[in-house]
Structures are given as C-alpha cells and as structure tokens.
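Colleague: What follows is the residue order along each chain.
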Amino acid sequence: MIVPFDIIILIFLVITAVISLRVRDLLSATMILGVYSFLICLLWAEMGAVDVAFTEAAVGAGVSTVFMIATIYHTRRRSSD
Amino acid sequence: MGEYFELVAIVAGMVLLLLIAPPLYRIVIGPTAIDRIVAVNIVGTKTAVMLVVIGVAFERVDMFVDFALAYALLNFIGSLAAARYLHKTKPMGGTAEPLDGEDAKASMNP
Amino acid sequence: MIYDIVAVILIAAGIVFFLGAAVGLIRFPDFYTRMHAAGKGDTLSSLLVILGFAIHEFRHFDGSGDVIVFLKLLAICAFIMLTSPTSTHALMDAGYEDGIEPVIGEGGENALAETRKTRKKD
Amino acid sequence: MEFLKTSVIPHFNYWVYVILMMIGLHAMITKNNLIKKLVGMTIFQTAIILFYVSIGVKSGSTIPILEHHHDDHAEVAAADAHHGEPAESDHDSDAVNPDHFANPLPHVLMLTAIVVGVSTLGVALAVSQSIFKDFGSLEEDEILEKIKQGGAAIDD
Amino acid sequence: MKWFGLIATAFTGILLLSAVGDFARFGDPHSPANAGVGDRPSVSQYYITDTYADTKVPNIVTAVLADYRGYDTMFETVVIFAAGISIFAILRSLGGPVVPVSHPQAIDTSVDGDHQRIIIGTTCRLMIPVIQLFALYVVAHGHHSPGGGFQGGVILGASFILLALAKDLGTALGRFSEKRYLTLGCVGIMIYAGFGLLCQALERNLLDYEILHRIMPATDAVMARSHSMLGVEVGVAFTVTAIMFAIYSNLSSNGRLDHGL
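Protein chains in written order, with the numbering used here: chain U, 10 to 90; chain E, 547 to 656; chain Z, 5 to 126; chain P, 63 to 218; chain A, 740 to 1000.
Bear in mind the hints are in silico, worked out from the structure with no lab data behind them.
Do not take every clue at face value.
Dumping the calculated SDA-like pairs for lysine to any residue here, alpha-carbon to alpha-carbon at most 25 Å [stated by the list, open to error]:
| no. | chain 1 | residue 1 | chain 2 | residue 2 |
| --- | --- | --- | --- | --- |
| 1 | E | K636 | U | H83 |
| 2 | P | K99 | P | E204 |
| 3 | Z | K76 | P | E129 |
| 4 | E | K634 | P | E129 |
Pair by pair, the computed Cβ-Cβ distance ranges are [unchecked claim]:
| no. | chain 1 | residue 1 | chain 2 | residue 2 | range |
| --- | --- | --- | --- | --- | --- |
| 5 | U | V12 | A | K741 | 36 to 46 Å |
| 6 | Z | L116 | A | I857 | 14 to 24 Å |
| 7 | Z | L23 | A | T922 | 48 to 58 Å |
| 8 | P | D203 | A | A749 | 18 to 28 Å |
None of these values were measured; they are calculated from a predicted model.
Note that the Cβ used here is the ideal one computed from N, Cα and C, for glycine as well.
Using the sequences and the hints, build the whole thing.
Modeller: Rendered as structure tokens:
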C-alpha cells in the first residue's frame, strides 16, 4: 500500500465515475468507463492485489469496452439523460 | 542505493499521476467524443508506465512487468474499436447528434 | 551508480515531455492539433520513463534472474512504439471521417474542406 | 474535526467505497437509458470489489507471491545484500511471517468476480440489443409506453 | 422516481457509513479479517504460511484459487459458460437468412479506405501472434507470477477480437468458427471436471489432487497438486477464451454473425 498514490487515484476514480454517468453521448460514457477501469487497475496494483489487477487489466483494456461499443453500434448512441 | 531509488520511483509516480489530471480535464470538458477517446488513449499508455513505477516502489518489478506488458499489448483495442465505430456510422462532426440537430449544443456540455 | 544517474535523467526527461503533451492537450484549439501534441509527446515520454527503469534494472546485469525483467521492459518499449502510433493514426482517420472541422485562423486556407469536397465528387 | 480524525482518515478507502456505491446505485435507480444503467452497475460492482480488496490490505506488506524461487540463485541474494541489511529471515520457507504479505483470500474471491462480471455484462448487453430489436428504443419510459400501447411487440 | 432514487441512495449510504466507523483501521495487519479473532488465526494466515510447503506454488492466489477453493472456481467457470450459452439463447437468430461467413461479399467495404486497412492490418498482423504467445505464457507461468487461466483466457480471447476488428468478423470466424469455440468451451469445463472426477475414481474426494501422483509419472504428492493446478488452469483458459469470443461475435453482429463491428 502506497498512501499518496492511493489518495490521488481515489479522487480521480470518483471524478471519472461521476463524469461517465453525466455525459449524454454513450460512446463517450463507454470510453470514460475505460479510464475508470485503468484507474482501478492502478489502485489494485498499489494495494498489492496483483492478480486482481491483472484480471482487470486484461478485461478492461481488451474486452469490456469493445462489448459496449458493439452494443452501441447496434442500438443508439444518444442517451436522454 | 535501493531505498533511494524507491524514493525516486515514488516521486516520479506522484508526478505522473498528477499529470494524468490534464487528460482527465480534457475528458471532463470534451467537447467531442473523439477528444475524449484521445485522452483515454493517453491515460492508458500512462497506466502501463505507472504499473512499472509501482513495481519499482514495491521492489518486485519482475511481478509487475507482466501486466504492464499486457497493457502495452491490449491498450489499443479499445481505441481501435471506437475508430471502427466512427468509420461505420455516418459523419456527425464528433457529437452524438447530427450537427443541425436542435440540442447539439446541449450534448456537448454534460 | 552511473546507471542510476542515467536512469534518473531519462525519467526526468520523460516527465518533461509528458508535461509538454499535457499542456498541448489543454491549450490547443482543435482536435487535430491536440492529437498532434498528444500522440507524439505521450509515446516519447512513455518510452523514456520505461527505458529509465529498464536501465535501473540493468545495474545487476550479472547473469542473474533479472535479465528477463530487462528484456520485458524493452519489449514494453517496443510494443508501445508499435501500438501507440497505430491507434493515433486510427483515431485521426476516424476524426476525419466523422467530419470534424479544423479551427482555421483569419485568412487561412482550409485544405481539409477542399479535399472533402473533391472526395465527395468521386 | 474530531470526527474527521477518528472516523474518516483511518477509513478513507471505505468512505470512497461507499461513495462509489452510492453513485452506482443512484445511476441504476434513476437513469432512463439502459446502457447508463449498466454503466452504473459496473461502478457498483467495482465498489464492492474495492471493499473486499481494502479488507485484505496490510500496511507495510508486499504482494502475496512468495520469493522462494530467488533462493535458488545465490547471486541475487549477493547482489541484493550490498544495500541494506540482509533481511533474508522472512524469505526462509520455515518462517514466513503472515504480516509481510497481503491477505490473499479476498483477491481470490474477487478475481473470479471480475471475469464473471464481464460475462454477465455481455449477457445484459445482449438483452438490451434484443430489447432494441423489439421496441426500437433503449429509453425506459419509451419502452413502457410501447408496452402500454399494446403488447404486439412482445408477442412475436 | 428521481426523488425516490435520491432518498433510497442516501438511506443506503448513511446506513453503510455508520457501519464503516466500526471497521478496523484501513491497512491494519491485526484486524480480524487478516489475523483472526483472539488466539484463533484466520484461514488466510494458514494460506500464507503453509501454501509453499503444501503445493510448491509461490503464487498464493493461484494456489488458493485452483486447489484450496477449486470447487468454487469450477462453478465460476460454469457460470461463465452459462453466460455464453445464454447469449446464444437471447441473441442468436437461427431462422434468418444464412450468410456464409467466409464469403467475400460479407466483407464490409463501405467507408474504409485502403490506407486504413494497410496500416492497421500490418500492425495487427505483427501484434496478434505476440499477444497469443503472451497469453500462453500467462497461463503457463501463473504459478510463479501473477496470471493464470482467467487472465490468459481473456487475453487470448482479446487477440481474436483484435483480429475481428482489424480485418472483419468473417476472417476471425474463419479461423475460430462457432462450432470450434463452442467445442472449446465445453472441453475446458470437461478438463476441469475431469481432474476432479479422476480424484474420485482413485477413491479420494472431488478435486483432491494429492492422489494423482499415482498416475502422473515422476511426481510426489506435493508436485501432483502443482501439476494438477496447471491442468485446471488450462481448462479455465479454454472456456474463458471461447466464451469471450462468443460474446463478442454475437454482440458485434447482432446475432447474425455476418457483418462485425
């Protein structure tokens, strides 16, 4: 556990969570969720949970963003709220 | 020497983390989706660097280097998918609405 | 000791380049120029910082188990050098296809609009 | 101020987990778009995982991977010994101090939760694509209105 | 609805925050979860101190995942498989027009210029073998460094997704077709369950790997556990790879498997 990293990452985490829910463009929301996933991977790495961080790295960078973009491609990009 | 370099790693990590704030600012204010995607790409590359930094700070780089490598390999899949999406849909000038839509301005500002 | 000095210099240079990329990302007026600053500065700074830590690992390069870490860090450099420009290219292309207009100063010439017009005719 | 010192500072990770969970829960309840609900669900899920991983953190500990394979290389120990005291006692296989390693049990539980989470996210996205095929919309109120107008879309 | 959501969220938050005050300090090595209550040690302490003697696996997480809590992990894998199957039930349209997957007409040539295809295609041709090799390394090296079946499987699945993004879905399905990935998913589960049932056949409990040293050449009881963990991880990696690509191929083509993203 490295405390200064911890605090900075947690602040960024809350900001990205709020912003990904505020934007109306779903493509933007998906990409911001990607940033959320990057930050949470960093958080777990500095808390010592390397295997969890590795899983999050593989899932967040490779798979989950692509799934959501694929769904937006077949539905609609605009959200009402 | 080891402890001193650990300190270097922590300071460098702090600076790198604080420098993630400008891309985050770009993510927050937009204005278009693709600006945000560019910033996401930057944060992704910096995450790979930060993992190496954290590994040096823990003095276990041999364990952390594996998933920094995974990030370096997989990071561009997300931006590639977004680029494919923007190719395959009709041009919208970066917003979710056509440019002459009535609340195109509203979608720019969250 | 000399390895550590070189490593610290490389890391500091990487942070300076990243600072440049960050300033460019905030200050530049339109998508294309922001992409220009971000793509180049980000790739170079990542390479420099990782290279610095790789050289730090180089200090006990005496046939022990750390050779593999050094090689993996070099591999990260190589892959970032390969993938980051590719994604920059893909995003720039996507932005062009998406119809984003550049910001042109007064009296400037918008070459992008001309190419778009001729492309549409084809 | 006293409250801050006794309650917030020693538990700041737990406070952030509660905040993230509230953000996710609020999004799941009030957002109108189904994809936004799924974004909220992802945030909620990571908040839970953050709670579990925070429980397993020990200050001053390292990652839960033992360093036994280094004992085979005497050169590494020699290279490491010239900076700092030879703290080889906790590397000894007989005397592993549990306080020096992070708690592995929450990591195990949460590792599978992430992969299961992404597969269930895939199922949820498939359901929303299927809903869009039937109703032509992802907004909750529009879907409800179309259901009220007559369940023709549900039958086929 | 807005007010109800706000009230419900605030209520839950206050409830949780009032409980947070009773927790042990963040990072306390002697909290009940880390050190146990009173003189009874927590089970995680047993894992940390005794795993290496029991299994000769330095990565405690892998050992706990695949050995001590193997039953749990087996059914997590089954959950992932079930998620993949339910994607088929929800989205896959079998009655529609049948489009041959590797037919040249199925390739989408609408907007992309050739420059796009050349640059990204070349990079992906260089990257995909490296990614797959790295995924196999992650699966096989999970005993000594972070990694294992779940991570390696996701990376291997991501390499096929990258192929589908760089070329098109037809190319990826030509190499890893629907029949193949469903078979691979089933085979993964069967490998995992097979290791468990093999132990039962040798008159031990389910997933009690120690006894497998009787049929594995040149191993003792400890190394049998280590090798069995590797086999189990390979099974997990098969299933996860198959299901990740199955979910992508169905989501990106809306269940028709013709035009991808």
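Colleague: Against the structure shown, which of the earlier numbered hints fail to hold, in ascending order?
Modeller: 4
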